[in-house]
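Listed below are the residues making up each chain.
2 protein chains.
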Amino acid sequence: MPPDKPDLLDAARGHSPADMVFKNATIFNPFTGDWREGDLAVKNGIVLGTGTYTGRSERDCAGLFIIPGLIDAHVHIESSLLTPQEYARLVAPCGTTTVIADPHEIANVAGVAGIEFMLAARRDAAIDIQYMLPSCVPAAPLEKGGAILEAPDLRRFIGREGVLGLGEMMNVPGVLSGDPGIAHKLALSAIRDGHAPGLSGRDLNAYLLAGLQSDHECTSLAEAEEKLRKGMYIFLRDGSTEQNIEALIPLVTPFSVSRCCFSTDDCHPDLLMRQGHIDRCIRKAIAAGLAPELAIRMATLSPAGRFGLHDRGALVPGRRADLCIIDDPEQFAIRQVFCGGREIRSSRQTRSAPFPPSIHCQVPSPATISIAGTGQTRVIGLVPGQIVTESLRYEIDGRNIPDTKRDILKVVVCNRYGTGKCGTGLVHGFSFRQGAIAASISHDAHNIIASGVSDDEILLAISSVIQAQGGMAAVTGTSAEVLPLDCAGLMSTLHYEDVVSRLDRISTVTHEMGGIDNPFMYLSFLALTVIPALRITDRGVFDCGEFRDVPLFVE
Amino acid sequence: MPPDKPDLLDAARGHSPADMVFKNATIFNPFTGDWREGDLAVKNGIVLGTGTYTGRSERDCAGLFIIPGLIDAHVHIESSLLTPQEYARLVAPCGTTTVIADPHEIANVAGVAGIEFMLAARRDAAIDIQYMLPSCVPAAPLEKGGAILEAPDLRRFIGREGVLGLGEMMNVPGVLSGDPGIAHKLALSAIRDGHAPGLSGRDLNAYLLAGLQSDHECTSLAEAEEKLRKGMYIFLRDGSTEQNIEALIPLVTPFSVSRCCFSTDDCHPDLLMRQGHIDRCIRKAIAAGLAPELAIRMATLSPAGRFGLHDRGALVPGRRADLCIIDDPEQFAIRQVFCGGREIRSSRQTRSAPFPPSIHCQVPSPATISIAGTGQTRVIGLVPGQIVTESLRYEIDGRNIPDTKRDILKVVVCNRYGTGKCGTGLVHGFSFRQGAIAASISHDAHNIIASGVSDDEILLAISSVIQAQGGMAAVTGTSAEVLPLDCAGLMSTLHYEDVVSRLDRISTVTHEMGGIDNPFMYLSFLALTVIPALRITDRGVFDCGEFRDVPLFVE
Numbered sequence: 001m002p003p004d005k006p007d008l009l010d011a012a013r014g015h016s017p018a019d020m021v022f023k024n025a026t027i028f029n030p031f032t033g034d035w036r037e038g039d040l041a042v043k044n045g046i047v048l049g050t051g052t053y054t055g056r057s058e059r060d061c062a063g064l065f066i067i068p069g070l071i072d073a074h075v076h077i078e079s080s081l082l083t084p085q086e087y088a089r090l091v092a093p094c095g096t097t098t099v100i101a102d103p104h105e106i107a108n109v110a111g112v113a114g115i116e117f118m119l120a121a122r123r124d125a126a127i128d129i130q131y132m133l134p135s136c137v138p139a140a141p142l143e144k145g146g147a148i149l150e151a152p153d154l155r156r157f158i159g160r161e162g163v164l165g166l167g168e169m170m171n172v173p174g175v176l177s178g179d180p181g182i183a184h185k186l187a188l189s190a191i192r193d194g195h196a197p198g199l200s201g202r203d204l205n206a207y208l209l210a211g212l213q214s215d216h217e218c219t220s221l222a223e224a225e226e227k228l229r230k231g232m233y234i235f236l237r238d239g240s241t242e243q244n245i246e247a248l249i250p251l252v253t254p255f256s257v258s259r260c261c262f263s264t265d266d267c268h269p270d271l272l273m274r275q276g277h278i279d280r281c282i283r284k285a286i287a288a289g290l291a292p293e294l295a296i297r298m299a300t301l302s303p304a305g306r307f308g309l310h311d312r313g314a315l316v317p318g319r320r321a322d323l324c325i326i327d328d329p330e331q332f333a334i335r336q337v338f339c340g341g342r343e344i345r346s347s348r349q350t351r352s353a354p355f356p357p358s359i360h361c362q363v364p365s366p367a368t369i370s371i372a373g374t375g376q377t378r379v380i381g382l383v384p385g386q387i388v389t390e391s392l393r394y395e396i397d398g399r400n401i402p403d404t405k406r407d408i409l410k411v412v413v414c415n416r417y418g419t420g421k422c423g424t425g426l427v428h429g430f431s432f433r434q435g436a437i438a439a440s441i442s443h444d445a446h447n448i449i450a451s452g453v454s455d456d457e458i459l460l461a462i463s464s465v466i467q468a469q470g471g472m473a474a475v476t477g478t479s480a481e482v483l484p485l486d487c488a489g490l491m492s493t494l495h496y497e498d499v500v501s502r503l504d505r506i507s508t509v510t511h512e513m514g515g516i517d518n519p520f521m522y523l524s525f526l527a528l529t530v531i532p533a534l535r536i537t538d539r540g541v542f543d544c545g546e547f548r549d550v551p552l553f554v555e
Numbered sequence: 001m002p003p004d005k006p007d008l009l010d011a012a013r014g015h016s017p018a019d020m021v022f023k024n025a026t027i028f029n030p031f032t033g034d035w036r037e038g039d040l041a042v043k044n045g046i047v048l049g050t051g052t053y054t055g056r057s058e059r060d061c062a063g064l065f066i067i068p069g070l071i072d073a074h075v076h077i078e079s080s081l082l083t084p085q086e087y088a089r090l091v092a093p094c095g096t097t098t099v100i101a102d103p104h105e106i107a108n109v110a111g112v113a114g115i116e117f118m119l120a121a122r123r124d125a126a127i128d129i130q131y132m133l134p135s136c137v138p139a140a141p142l143e144k145g146g147a148i149l150e151a152p153d154l155r156r157f158i159g160r161e162g163v164l165g166l167g168e169m170m171n172v173p174g175v176l177s178g179d180p181g182i183a184h185k186l187a188l189s190a191i192r193d194g195h196a197p198g199l200s201g202r203d204l205n206a207y208l209l210a211g212l213q214s215d216h217e218c219t220s221l222a223e224a225e226e227k228l229r230k231g232m233y234i235f236l237r238d239g240s241t242e243q244n245i246e247a248l249i250p251l252v253t254p255f256s257v258s259r260c261c262f263s264t265d266d267c268h269p270d271l272l273m274r275q276g277h278i279d280r281c282i283r284k285a286i287a288a289g290l291a292p293e294l295a296i297r298m299a300t301l302s303p304a305g306r307f308g309l310h311d312r313g314a315l316v317p318g319r320r321a322d323l324c325i326i327d328d329p330e331q332f333a334i335r336q337v338f339c340g341g342r343e344i345r346s347s348r349q350t351r352s353a354p355f356p357p358s359i360h361c362q363v364p365s366p367a368t369i370s371i372a373g374t375g376q377t378r379v380i381g382l383v384p385g386q387i388v389t390e391s392l393r394y395e396i397d398g399r400n401i402p403d404t405k406r407d408i409l410k411v412v413v414c415n416r417y418g419t420g421k422c423g424t425g426l427v428h429g430f431s432f433r434q435g436a437i438a439a440s441i442s443h444d445a446h447n448i449i450a451s452g453v454s455d456d457e458i459l460l461a462i463s464s465v466i467q468a469q470g471g472m473a474a475v476t477g478t479s480a481e482v483l484p485l486d487c488a489g490l491m492s493t494l495h496y497e498d499v500v501s502r503l504d505r506i507s508t509v510t511h512e513m514g515g516i517d518n519p520f521m522y523l524s525f526l527a528l529t530v531i532p533a534l535r536i537t538d539r540g541v542f543d544c545g546e547f548r549d550v551p552l553f554v555e
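In order, the protein sequence lines correspond to chains A and X.
With the numbering used here, the residue at position 330 of the first sequence is 330, and numbering never jumps.
With the numbering used here, the residue at position 32 of the second sequence is 32, and numbering never jumps.
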């Protein structure tokens, strides 16, 4: 029994005052899906109950609505470019009080030390961050970045506070073939998130039989319905690039809602700051026709149940006093948030210390990235709005690259882990008229990747990233706009407001460069060899169909 | 990974045949609450999935409906008078494939050894029996039978296969006052069943805050709704005496059904044999207006979820092949049952070995149970249909007892644990015209209790129970009809058909005796000192209001 339990029991019975009573509130009940007026009493961060209570502090909530704190069922915090503490400070006022995070990116860069860094960050975060262990580091043998994590490496984290289970298992062929290494990972925990875009029929059956329980990759209603019927928890995703809520909303009914959650997966900080977090998902769901009560259930009790977090998700006795005050369920604007009974205030904290240096490379020489010769080449073709690429063929003369007329630019990947490797390829689709961009975010190895219209600008962009110990850089001429990502080259120790303003400035530069929107997003996936069709790595061009390195010039 | 996992994955993918395929069945889906036609494939007792499959054995199920095996969320097997094996043999053809059982009765008689006996019985039972540890042995200090179980006694069972958590916590005042012994018991497991009849408001809040999660004692819709809203799982009960389904059915909606289950709590074997088990609950629920789909969900995925039994409750890949074939969801007659992929056949097994002798007493002498003197006496008044009693007062002359005109009979309790104690009191309400009954079932200490119209018949009934090493006996003159309960005086090693036929014969005798229906049920509660108003123990008359022993004659 916690030492304060007798006090709590006394207060719950009304024999002693609560710390705080929200009087006359209209309170959401996720067990019945409706609202009921009453007083909500809290002590020591725990809900005592509803009914008639008096408290040391009381707050009249007549006309206001109270709901449990919101839960994100699956997110990669690294995609926000923020440290976990800053991420928490950003999403807490949006009503989020718990996120289930998979530190997949930092684990690819820094392995166990990366996960430890994320776990340590829980301590001074404004919300509760619970982790799922990254199950696919690296995503494929050739994808190796800074670490390989096998089951024995992950086992040390099992049972640690803040660790819930095994994160999204992306290696579907490995699961289906019964790969022993994967089986050992699956056996680590009873809670295992899946990741199986497009998988269906008997292969989906096998994937589930292996023990995967959830999916956040559904893009069509038919896909989501099959997965729901077969027992998967369905996380409806709304990220910076993948937005599936509208398509999937018909899946959510009073009967199925206990199996449906929201996930933001990968969100940039500007989206979070300007449009919100899980509150944004709820507003989208309501706009798509879902009853607010079902949307709120999806963001509260359903994810709490899915992850066995029976201490939250509902404002009932003994659970955490994680709650949001809203004006109106239909509009769903968050007015005030309490996490563990404490009001969320948006005051800035001291900046986190950066992660130990993780960029170990030099700026390549101009010769290294030069393309000599003429002939037919393999060119990576960007596909608007997609992370798949096309495998294109162009006749070129190396001396005429970049070829802005045909939109054929260089793309360069520098290994950041000290191997000295550097690969150069060609890309079609950025449409830059000037300048270059570089970043230390390139899935999943997170080597430095750059593209642009001149070698000088490409090298300056790479140099800017290296100097910042990771970052995003946009260069025009000799001027560079940089967002330092001094935590493993993935996250910034800056406050989120500053990260967003630097991103805005970078965005201004990339607009001036005249290319497509979100060039960094496309750039960050160009090295991901597990997605079709053509990629670039620190070894050079990679054909995903043949799953091997190929020369730039077609032989 | 289980050694057969690669085989199962292969078969799930359709690369090798299943053991058994139920072809063209209409299969219930508890995630969506509807039906879908398809093939259901099973291998090694595990569901491979639905879709198109071939199997070594195939069975055409066109026109038939398949549902997951049924789950009883809370039951005391001892109330069936059957060993767990015979109980399983009886309920399996009713579609039940899992029961969550609290061995409260045998624990009161035999403590840890009693629980071990029940656990050992899992091995050769036709269904899966999962146990909740009895939390209130004894129910009150004065109720002590053969054991006192504190948290350290229970801890040895935590983590054992077949042990799920802590059973119904009936000591509400102890919970509310923060009693440390109870707190230690609550801390044993994360799964804790409640028992809080009539508790509401802030005291209910405190009870929940202490960690109790479910209730099977609701009798009114308002009570159940409050408990549901406050986060309790609600088990709708249908036992031999307590029948709450009809009153509570409006609680169950598509939104709330994931929090609602069925419980049979205490059922006699004749009821089970003649009217069924959880299938009976489902039929009652349908008759009360519930959609069959909600009723089936309540009996399958909902209890599986409540108890964290994620390996059952739905016919989806990787879960146990526990299933029932039915002709029609509305009629809900069970046609065939499979548990762990094996068809349930009702063939008799070898009888279980009896429990070590647990009746350690002699037949009392006539002098011991004589009542001498005249004056006003305290008389226990039976209340039809209730387990509460009234505290009555009658002027008597001991020599004129029994007084069948005024329906005042003797009631005798003999300690069975070797203390030699024997208490005698008076009871009004049995209305016997002749004969006597005795039983070794008397909650919660399960001493031998008897009542009847003559001392000779009372003593013969007691003697019959002792000779049988526990049992139920109905005596007229010198003839005794006995059901031996050779397992702790609570359960019989006879086959269930024989138990029922002996009960029928006893029933014939008690009808001849001319008394009320179900006299043994009333008799079994007359020693239960935690329920108002007047009781009889091996020490004599007990006033539950004053919570103390009182003399028979009012002073």
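Don't take each hint at face value.
You can't tell identical chains apart in this list, so a pair holds if it fits in one copy or across any two.
[Said to hold, decoys possible] Here are the simulated SDA-like cross-link-like pairs (lysine to any residue), alpha carbons at most 20 Å apart as the crow flies: (1) K5 / D179; (2) K23 / R229; (3) K23 / I158; (4) K5 / D203; (5) K5 / T26; (6) K421 / W35; (7) K23 / Q213; (8) K5 / A247; (9) K23 / G340; (10) K5 / G174; (11) K5 / I371.
Because the hints were derived from the structure by calculation, they are not lab data.
Only a predicted model underlies this, so the values are computations on that prediction, with no experimental measurement involved.
Outcome of the hint check:
1. In this assembly of identical chains, the alpha carbons of K5 and D179 lie at most 20 Å apart only when taken from different copies (11 Å versus 47 Å within one copy).
2. In this assembly of identical chains, K23 and R229 lie within 20 Å of each other by CA distance solely across copies; the values are 18 Å between and 42 Å within a copy.
3. In the homo-oligomer, the alpha carbons of K23 and I158 never lie at most 20 Å apart, since the shortest distance is 41 Å inside one protomer and 42 Å across protomers.
4. Taking the shortest alpha-carbon separations for K5 and D203, only the inter-copy value of 14 Å comes in at or below 20 Å, while the best intra-copy value is 49 Å.
5. Taking the shortest Cα distances, K5 and T26 never come within 20 Å of each other, neither inside one copy (27 Å) nor across copies (50 Å).
6. When the C-alpha separation of K421 and W35 is checked against a cutoff of 20 Å, the pair qualifies neither within a copy, at 61 Å, nor between copies, at 57 Å.
7. For a Cα distance limit of 20 Å, the shortest separation of K23 from Q213 qualifies neither inside one copy, at 40 Å, nor across copies, at 26 Å.
8. Taking the shortest alpha-carbon separations for K5 and A247, neither the intra-copy value of 46 Å nor the inter-copy value of 35 Å comes in at or below 20 Å.
9. With identical chains, the CA atoms of K23 and G340 are at most 20 Å apart within one copy only, with a shortest distance of 18 Å there and 52 Å across copies.
10. For a Cα distance limit of 20 Å, the shortest separation of K5 from G174 across copies, 13 Å, qualifies, whereas the shortest one inside one copy, 47 Å, does not.
11. Neither within a single protomer nor between protomers do K5 and I371 lie at most 20 Å apart by alpha-carbon distance, with minima of 71 Å and 51 Å respectively.
Hint violations for this structure: numbers 3, 5, 6, 7, 8 and 11, all remaining hints satisfied.
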